[in-house]
Amino acid sequence: MSSLSARLLLSVSLLLLVFFGATIVVLDVAFREAGERSQEDILDGQLMALLAAAEPDDGGELVMPPDLPEPRLGTIGSGLYAELGAQGSAPVWRSRSSLGLHVPFPAAPQPGNHVFSRIQLADGTPLMALSLSVEWELPSGEFRPYTFNVAESLDSFNAQVAAFRRQLFGWFAAVALIMLLAISLVMRGLLRPLRQIEEEIGEIEEGRRQALSEGLPTELDSVARNMNLLISSERGRSDRYRTTLDNLAHSLKTPLAAIRAVLSEQPGNDVSRKIETQIERMNDIVRYQLRKPALLVSDSFGVTSVAIEEQLRRLVDGLSKVYKDKNPAIELDVDPRAEFRGDTGDFLELSGNLVDNACKWCRSRVLVAVTPLQGGGMCMTVGDDGPGIPEKAAELLLQRGMRLDESTPGHGIGLAVVKDIARSHGGDIQFGRSPLGGAEIRITIPGQFNK
Amino acid sequence: MRLLVIEDDATLRESLGRQLAESGFGIEKASDGKEGLYFALEYPVDLAIVDLGLPEMSGLDVIREVRKQGKTYPILILTARDRWQDKVDGLSAGADDYVVKPFHFEEVLARVNALLRRSGGWASSVLEAGPVSLDTSRQELKVNGDAVELTGFEYRIIEHLMMRAGEVISKTELTDRLYDQDFERDSNVIEVFIGRLRKKIDPDNSLKPIETLRGRGYRFALQRNRAD
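If you read the sequences in order, they're chains A and B. Under my numbering, residues 1 to 451 are what the first sequence spells out, in order. Under my numbering, residues 1 to 228 are what the second sequence spells out, in order.
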């Protein structure tokens, strides 16, 4: 369970279930017990009425008058049944209501005791029964034991309890539902800033935003501020790292240039040729090692979206000056949906090497096309109308320092660097044939890439 | 042609300056961005070589300021940071070409010559006008296919005039650009050299390659041959 609101809703639902369940049980038990108490009182009243109505007859036996005050006893199947039993014989009297029914009253209790019990009719109807044994003093002065039994059907009582339960469940369910709804609404409100932070972090990762916005609730504000600090220090760190690399390159290469300049003033001899070789080696190492892709020195925090068309335009304008004599027609075809998420320096390094190579090799035309990839990212192809690259040479070209034609100025490290940058962005480099007739180099960089 | 070299590394600056001077250029040298900018704006300069990593003021800022002040002479950048971003930044700021350190002097010289030639409107390193052709990479002057022997000074004058063929170039400008600072500036010397050049290029006075415009200066008068 990863969502906070789902977690909260689940625990609140469980809590509600436990609390409401307990409440329902307590209320149900209380209602039922109160109902049973009143049921017993009613039975007690009926029994007292029977006791009062019983009269000994002339024969000295106890009998019931035909007209009883309770009309239900005279109605067949009314649900209220009574019986007057004498010890050791069949009941002396049975109410009219129990005509045709066998009401299984319990055995007579000890004289003077009254006992409540649950019995059942043959058809399964539950009854509550009250039995009272008495020693009746007959006119003859003799004491005879009699048992008064009254029973009432619990059908209507059970129906009442069931109705009460239904209502109880209905109301509690409604209340629980309203509470859950209210809680999830409150949660939405409470979680909105969190969701906002989540979205903004996504935008930062995609390079569409520089920092988290301000004005969050107090509890989250410090989180956001610390996060912004982290982001900017992270950015600063990678900037500093790159500046350090640049300065290092500068401070290593200027002396190399000075050595070379001084050397070229000397008459050429064996020593100067040897030194020259070493200068070239050092230069290659510095060039390759200090031109690491920015991705290796920063992480996703520093990443922004590069304005592809604008940067390519600057590059082409610049190269047009450099190749003014050759004056190649450099055509740009950039789909604005294409994206390069990363360092502008990396993008220029990729495109600079490729377009510069194309300008070097072309006869008169260079075509640079950038198209979006499915799921973000970009595919950049740089083609020319030059002699093309033999297939066997392609892999060789990607190796560091390899150069196919020593006569064309260039250091041969370019393509290896392009490959490194493309790979460090999760992309790839391919060679092909351009529609213009010469070589075409295709770079694909996916949109989403984590180191 | 007078070049300005702005480079903070003394050994490199001096060596580069010496070799360029040997190749026939007048040289100004500056060791930081501020001094470089001052020279670039105040001195007669035909081309500036600017290192990007300068103290006091970055090479990029120097280039931007030079361009902002309306100077249009070519600028060659020297850069140690050979990231494309730096090259593109430099070119966008107004530079015309770049050389990556550690360079060979020949590379710098080739770029300088190409930039100067281009800024004079020439497409090839051999400047041709009528029967006169000047090979700037070999520093060789030919008239009707015959090589003409020139002194270094004479070569610098004819190169300057031919580079900007058709334009009037004042005596002061020629003096400024052709003398090094330690020479005594005397415009009469220019007249003497122009006279010698005329005799060498046009002994029978039929071509009249160099015009004198009284009070204004000199002009290389022959039409450029369209090579392309």
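What the hints contain is simulated information worked out from the structure, not anything from laboratory work. This one's a predicted model, so the numbers in the text were calculated from it and none came from an experiment. Keep in mind that the hints are not guaranteed to be accurate.
As the list claims (entries may be wrong) - Quick list of in silico lysine-lysine cross-link-like pairs, BS3-like style, CA-CA up to 30 Å:
(1) B/K34 with B/K142
(2) B/K29 with B/K71
(3) B/K71 with A/K326
(4) A/K326 with B/K34
(5) B/K142 with A/K324
(6) A/K321 with B/K29
(7) A/K324 with B/K71
(8) A/K360 with A/K326
(9) A/K324 with B/K29
(10) A/K326 with B/K68
(11) A/K324 with A/K274
(12) B/K208 with A/K321
(13) A/K321 with A/K274
(14) B/K171 with B/K199
(15) B/K68 with A/K324
(16) A/K321 with B/K71
(17) A/K321 with B/K199
Outcome of the hint check:
1. For the hint pairing B/K34 with B/K142, the CA-to-CA distance comes to about 42 Å; that exceeds 30 Å, so the pair is violated.
2. Our distance criterion of 30 Å between C-alpha atoms is met by B/K29 and B/K71, whose separation comes to about 18 Å.
3. A threshold of 30 Å between alpha carbons decides the hint, and for B/K71 with A/K326 the separation of about 25 Å falls inside it, so the pair holds.
4. Under the criterion of a C-alpha separation no larger than 30 Å, the hint pairing A/K326 with B/K34 is inconsistent with the structure, at around 35 Å.
5. With a CA separation close to 27 Å, the supplied pair B/K142 and A/K324 stays within the 30 Å bound.
6. Restraint check for A/K321 and B/K29: satisfied, since their Cα atoms lie roughly 25 Å apart, inside the 30 Å limit.
7. Between A/K324 and B/K71 the alpha-carbon distance is near 19 Å, which keeps this suggested pair within the 30 Å criterion.
8. Note on A/K360 and A/K326: the hinted pairing holds, with a Cα-Cα distance of about 9 Å set against a maximum of 30 Å.
9. For a cut-off of 30 Å, the pair hint linking A/K324 to B/K29 stands: about 27 Å separates their Cα positions.
10. At most 30 Å may separate the alpha-carbon atoms for a hinted pair to count; A/K326 and B/K68 meet this at roughly 28 Å.
11. The suggested pairing of A/K324 with A/K274 is violated, with an alpha-carbon distance near 35 Å, which exceeds 30 Å.
12. For a cut-off of 30 Å, the pair hint linking B/K208 to A/K321 is broken: about 35 Å separates their Cα positions.
13. Between A/K321 and A/K274, the direct Cα distance comes to roughly 35 Å. Violation of the 30 Å bound is thereby established for this hinted pair.
14. Restraint check: the Cα-Cα separation between B/K171 and B/K199 comes to about 19 Å, which is no more than 30 Å; the hinted pair holds.
15. Annotation: proposed proximity of B/K68 to A/K324 holds, straight-line Cα distance about 22 Å (limit 30 Å).
16. Of the supplied pair hints, the one linking A/K321 and B/K71 holds, its CA atoms being roughly 17 Å apart against a limit of 30 Å.
17. Under the criterion of a C-alpha separation no larger than 30 Å, the hint pairing A/K321 with B/K199 is inconsistent with the structure, at around 39 Å.
Checked against the numbered hints given earlier, the structure breaks hints 1, 4, 11, 12, 13, 17 and satisfies all the rest.
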